[in-house]
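Spelled out from the first residue to the last, the chains are:
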Amino acid sequence: MAANLPTQAQVQGGAGVTEPGISHDEHAHHDEHHEQSFLQKYIFSTDHKVIAKQFLITGIIWAIIGGTLSSLFRLQLGWPESTFEWLSPFLGKWIEAGKLNPEFYLALVTMHGTIMVFFVLTAGLSGTFSNFLIPLQIGARDMASGFMNMLSYWFFFASSVVMFVSLFLETGPASAGWTIYPPLSALPQAIPGSGAGQTFWLVSMALFIVSQLLGGVNYITTVINLRTQGMSMSKLPLTIWAFFLTAILGLLSFPVLFSAALLLIFDRSFGTSFFLSDIYIAGQALPNTGGSPILFQHLFWFLGHPEVYIVIMPAMGMVSEILATNARKPIFGYRAMIGSLLGISLLSFIVWAHHMFVTGMNPFLGSVFMFLTLIIAVPSAVKTFNWLATLWRGNIRFTSAMLFSIGFVSLFIAGGLTGIVLGNAALDIQMHNTYFVVAHFHLVMGSSAFFGLFAGVYHWFPKMFGRMLDEKLGYVHFWLTFLGVYLVFLPMHYVGIAGFPRRYYAWTGFDSFSQFADLNKFISAAAIIAFFAQFVFIFNFFYSIFRGRRATENPWNSTTLEWTTPVVPGHGNWPGAIPAVHRWPYDYSKPGAAEDFIPQHIPYSQTQSSNLPYEKEME
Amino acid sequence: MTTLGILLVLVLLLVVFGLLFRLQILTSIFSGSSTREVGVSNRVNAILFIIFLVVGGAAFAWSFVDNYDKMNPPIASVHGHATERMFWTTMIILGIVFTLTQILLFVYSYKYQHKEGRRAFFFPHNNKIEVIWTLIPAIVMAGLVFAGWKEWTRITGPAPKDAVVVEVMGKQFNWLVRYPGRDQKLGVVNYRLIDATNEFGFDLSDQNGIDDFVAPEIHVPKGHPVLLKIRSRDVLHAVYMPHFRVQMYAVPGMPTKFWFTPTMTTDEMRAQTGNPKFTYELACNQICGRGHFAMKLNIVVDEPDDYVAWFAQQKSFSAQNPDVLASFKQKSNKLVEKATTPAAAAVVPATAKASL
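Here the protein sequences come in this chain order: X and C.
For the first sequence, the UniProt record's numbering assigns the number 619 to the last residue and increments by one with no breaks.
For the second sequence, the UniProt record's numbering assigns the number 356 to the last residue and increments by one with no breaks.
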C-alpha cells in the first residue's frame, strides 16, 4: 500500500501536473505497481474508486435490510389486528402467538432509523460519491491519503458487522429509538434492547464515527490541496462544494455524538450519572442523582441536526450537477448556490434545539431556536428557485438520473415546506413526535436523499463500471418509486395532523387515534410496493455491472473533469498528465460554441467564437 | 404445497420479466434506438410528468378534502384555537408555494423537453431576481416567526396565580395523578420513598402533603386555567393531550409544566361530536418501552360546580393509607434522620426552578 502513496504525493502540486514529463514518469512508475493481487485490488484497495464502490455496495445491502425492517413494521401498523404467524420462520420468538412482540416493533423502528440515516444515507451516499467524485472532479490522482481512505471503509465495515450482529442478539437490538434518548437507552430494566443490543449499537457507532472522521479529514484535505492547475475554488463543480462542506459538518459534529455516546457508555457501565437522576424502576430506586436526560438531547442533536444536512447536501450537489448537464444549461446562480450551501452549513449548527421545544427546555431558548430555524428556510428556498430557473428554457434530456433529480426537487419542496410548520415552536407543541414529523423528514431528508443517491448512481455508473445502466428499467424504477413515495408520505401528513403519535405499536387503544385505520392500510400497502420496486434497480445495477451496454468516455456530454478519463479509469485516473482547468464547470449551450457543452479543460484560446467579453482577456 | 405453488409462480414471473427485459434490449438494438441520443422515451417521460402533475394533483386535492374532517379532531383549549388558526394559515401559505413550485417544476420539464436543433438559453445568473427571491421568503419567514414567537411566549408564559394545579407523573406504563388538597400546595415527594403503596413517593413528614390526593383520572374545570405539573419517575415520557394542544416531556429528575384553559366540558363535547362515548385522552408521546402505545389517561372537563363537588369528595392519600402516615410519624419522632428529608425537599424546587 505504501508503494501507492507516492502517486498522489508527487502529483499534488498544480505545477507538477502541467509538465507532461513528470506526469508520464510518474505514470510509468504507477503502472509498475499495478500488478496487484485480487486482495489488494478489490478488498484492501487504496484506490478511491474501488473504495467508493465498496461504500456503495455495502450501502445497497444496508438499504435492503433497512427497507425490509420498515416493511415489517408497516405490516403491523397497517393490519394491527392480524396475526403474523407466517413471519415466525424469519422472526422466530419475536412472533408471540401470531403477534409481533411490541418491544421488537420498537427495535425494528430503531434499527430502521439507525441504518437508513447513518449506514445508507451517510456512509452509502456521501461515502460513495465523495470518494468517487472528489479526486475525479478536481483532477487528482487519488485522495490525499489513500491508506486513511481505506481505513475509513474498513472501520465502516467493522461498524456494519457489529450493527448487523446486534440484530440477532437474544435480547434484541437497540430499541430506544434511533435517537437513543436515555434513561430508556441506559437501563436494560426499562427495555431489553437496552442491554447488549444498545452496547453493540454504541460500539458500532463509535467505529462508524471513526470511519466518518477518517473520511472527512481526507475529503477536506484533498479538496484544499490536490486541485489540478487552474481549479480554483470558484471553478469547482457544485458537487465538490457540497461534499467539501458536508465533510466539514461531519468533522465538527460527529465528535459531539462520540462524546454523548461515551458518556452514555459511562452511565450504562460505570455507574456515572451524566444523564440519570431520580429514577425508580423495576421495584428499585437507583442511586443516580444530578444527571440530565436533556443534556443528552442537546449533545445528540448538536450532531443530529447537522447530520440531516450531511445527508442532504451531497444530494443537493449531485442534483445541481445533473440538472445542469441534462437541461444543457448552466446551473442558475452558481455563486448563490455556493452561498446557500455555506449558509445552510453555518446555520445547521445553531438550530439543533428545535427538536426539543417541548422537552422542558427554557421557553426563551425555544424562541431563539425558532428564529434561527426559520432563517435556514431562506437558503433552501434560494436553492429550489435556482433549480427551477435552471430548467427554464433548457433543452431537457430525461435520462434516469435526470428523472430522479427532478423528483428530488419535487420531494425536497414537499418535505421542506412542512419544516416551516415544525420549526414554529407554537405549532410544534401539537405536531412534535406525531406522524407529521415522520412524513416531513421522510420526504425532505429520507426520500430526497435517496433520490439524490439514485440520480448519482444512474449518472456516474458509466464511469464506475464502464457500462450503462438500462434506461428503460431506470424509468420504471423512477416512476414506481416517485409515485410510491408520494402515496406513502402525503397521506401520512393527514395522520400526523390528526395527532397520531409516532413509535406506536398500535393506535387501537385510543379513541382519539382510531379514524385512520384504512389510510394506514393504504400507506402500508404503498410502502411495501414501493420497497419491492427497488428490486428493479437492484437487478439493473448488478446486471449492468456485467452485461450492461458499454459506455463511452463521456456519455452525457458533460463538462466536468471525470469525463476526460478513460472509460474505465485505472488507479491514478488519467493515463497521461492531469488536464489543467480553464473555465467553470457549467459552460452548457454557450452562444457561439460549436457544441452545446465546453469541458472545463478546454482553454479559452480554443473557443474564441463563444467567449464572453471578460473571457477574451484569458484567451 | 401452496407455499411451493406460490414460489413457483414467483419464479416463473421473474423468468417472464427477465425474458421481456432481454426482448426489450434486443428490439432497441434492432430498431437502432439504443444508439440514438434522445429517443421517444424522452417525450414519454415529459408527458408522464404532466400526467403526474394533473392526476396526482387532483388525487391529492380530493384525498385532502375527503380526509379534512378526520384530520381535525375537535379542539377544547383557548390557546389551541389560536395555534389551530396559525397552523392552517401557515398551511395555506405553504400550499400556495407548494402548488406554484410543483407546477413550475413539471411544466418546465414538459415544455423544455429536448427538441432537435434547439439550444438551451445560456442564462447563468441574474442578480436582480436572485435578490428578489431571497428577500421574499425572508420577509414571509419573518412574519411567520413573529406570529409564532408571540403565541409561543404567551403559551409558555407564567400560569395565572389562580390556576388549578394538577400533577401528572409518568411511569412504565401508566400515568399517576396527584392534586394538592385544600391548602393548594403539593407536598414534597422523593423517589427513594416509592413503593407499591406509595407510588408517588410521598414524604408525609411535609405538612403540605398531608391533604394531597391521588386520582385515577384528571378532572379539570371548564373555563379555568389549569397548570399541569409534570414529572417522571423512570424514563422519559411525554404528556400529550391532542384536544387541548398540550404537549410536554416528563423528565426524571427535572419537573416540567404546561398550562392551558379548557373551553368545553366532556358532556358538551359529547353533544357536539354526537359521540356519547367521547373522552378526552392523554397519550404518552415519547418512546418509553413495551407499553408505550397503551399509556393512556382519561381527562374529564367538568362544569366548575361539578369540579368543586368532585374535588370535595376526594379523600387524601394520607387518610387512605394510615400505615404510610404512621411510618413517617415514627421517623420524625426519632428526629435523627431529619437531615435527609429537608435536603431532598430542597432539591426538588431547585431543579424545578432551573428547568422552567
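Calculated directly from the structure, the hints in this document are not laboratory data.
One should not assume that every hint holds.
Listed below are several chain X residues computed to face chain C (Cβ distance under 8 Å; list not exhaustive) [said to hold, decoys possible]:
no.: 1; residue: Gly92
no.: 2; residue: Val358
no.: 3; residue: Leu365
no.: 4; residue: Pro491
no.: 5; residue: Ala517
Below, simulated DSBU-like cross-link-like pairs (lysine-lysine); rule was C-alpha separation at most 35 Å, straight line [as the list claims (entries may be wrong)]:
no.: 6; chain 1: C; residue 1: Lys128; chain 2: X; residue 2: Lys616
no.: 7; chain 1: X; residue 1: Lys521; chain 2: C; residue 2: Lys331
no.: 8; chain 1: C; residue 1: Lys296; chain 2: X; residue 2: Lys235
no.: 9; chain 1: X; residue 1: Lys99; chain 2: C; residue 2: Lys111
no.: 10; chain 1: C; residue 1: Lys331; chain 2: C; residue 2: Lys277
no.: 11; chain 1: C; residue 1: Lys115; chain 2: X; residue 2: Lys521
no.: 12; chain 1: C; residue 1: Lys115; chain 2: X; residue 2: Lys235
no.: 13; chain 1: X; residue 1: Lys472; chain 2: C; residue 2: Lys111
no.: 14; chain 1: C; residue 1: Lys150; chain 2: X; residue 2: Lys521
no.: 15; chain 1: C; residue 1: Lys315; chain 2: X; residue 2: Lys472
no.: 16; chain 1: C; residue 1: Lys70; chain 2: C; residue 2: Lys150
no.: 17; chain 1: X; residue 1: Lys235; chain 2: C; residue 2: Lys315
no.: 18; chain 1: X; residue 1: Lys616; chain 2: C; residue 2: Lys277
no.: 19; chain 1: X; residue 1: Lys99; chain 2: C; residue 2: Lys315
no.: 20; chain 1: X; residue 1: Lys235; chain 2: X; residue 2: Lys53
no.: 21; chain 1: C; residue 1: Lys277; chain 2: X; residue 2: Lys99
no.: 22; chain 1: C; residue 1: Lys315; chain 2: X; residue 2: Lys93
Note that the structure is predicted; figures quoted are calculated from it, not measured.
Note that beta-carbon positions come from the ideal geometry of N, C-alpha and C, so glycine has one too.
Consistency of the hints with the structure:
Look at Gly92 of chain X: its Cβ only gets to about 18 Å from chain C, farther than 8 Å, so that hint breaks. Contact between Val358 of chain X and chain C, as hinted, is supported at the beta carbon level, the nearest pair being about 5 Å apart and thus within 8 Å. A cut of 8 Å between beta carbons decides the hint on Leu365 of chain X: the least distance to chain C is about 11 Å, and the hint is violated. Interface hint status for Pro491 of chain X: upheld, as the beta-carbon distance to the closest one in chain C is roughly 7 Å, under 8 Å.
A distance limit of 8 Å between C-beta atoms decides the matter here; for Ala517 of chain X the minimum to chain C is near 11 Å, and the interface restraint is violated. A threshold of 35 Å between alpha carbons decides the hint, and for Lys128 of chain C with Lys616 of chain X the separation of about 25 Å falls inside it, so the pair holds. The suggested pairing of Lys521 of chain X with Lys331 of chain C is violated, with an alpha-carbon distance near 59 Å, which exceeds 35 Å. With a CA separation close to 59 Å, the supplied pair Lys296 of chain C and Lys235 of chain X exceeds the 35 Å bound.
For the proposed pair Lys99 of chain X and Lys111 of chain C, the alpha carbon gap of about 52 Å is over 35 Å, so the pair is violated. The straight-line distance between the Cα atoms of Lys331 of chain C and Lys277 of chain C is roughly 47 Å, outside the 35 Å bound, and the hint therefore fails. Proximity of Lys115 of chain C to Lys521 of chain X is assessed by CA-CA distance (about 43 Å); at most 35 Å being required, the pair is judged violated. This hinted pair checks out: Lys115 of chain C and Lys235 of chain X have alpha carbons roughly 30 Å apart, not beyond 35 Å.
The suggested pairing of Lys472 of chain X with Lys111 of chain C holds, with an alpha-carbon distance near 22 Å, which does not exceed 35 Å. For the proposed pair Lys150 of chain C and Lys521 of chain X, the alpha carbon gap of about 39 Å is over 35 Å, so the pair is violated. Distance hint between Lys315 of chain C and Lys472 of chain X is unfulfilled; the C-alpha atoms sit about 74 Å from each other, more than 35 Å. This hinted pair checks out: Lys70 of chain C and Lys150 of chain C have alpha carbons roughly 29 Å apart, not beyond 35 Å.
Of the pairs offered as hints, the one joining Lys235 of chain X and Lys315 of chain C is violated, with about 78 Å between alpha carbons and a cut-off of 35 Å exceeded. A C-alpha spacing of about 81 Å is found between Lys616 of chain X and Lys277 of chain C, which places the hinted pair above 35 Å, so the restraint is violated. Restraint check for Lys99 of chain X and Lys315 of chain C: the C-alpha separation of about 42 Å exceeds 35 Å, so the hint is violated. A hinted pair counts as satisfied when its Cα atoms are at most 35 Å apart, and Lys235 of chain X with Lys53 of chain X qualifies at roughly 27 Å.
About 29 Å separates the Cα atoms of Lys277 of chain C and Lys99 of chain X, which keeps this hinted pair within 35 Å; it holds. Between Lys315 of chain C and Lys93 of chain X the CA atoms are separated by roughly 46 Å; this puts the pair beyond 35 Å, and the hint is violated.
Taken one by one, the earlier hints fail for this structure at numbers 1, 3, 5, 7, 8, 9, 10, 11, 14, 15, 17, 18, 19, 22, listed in ascending order.
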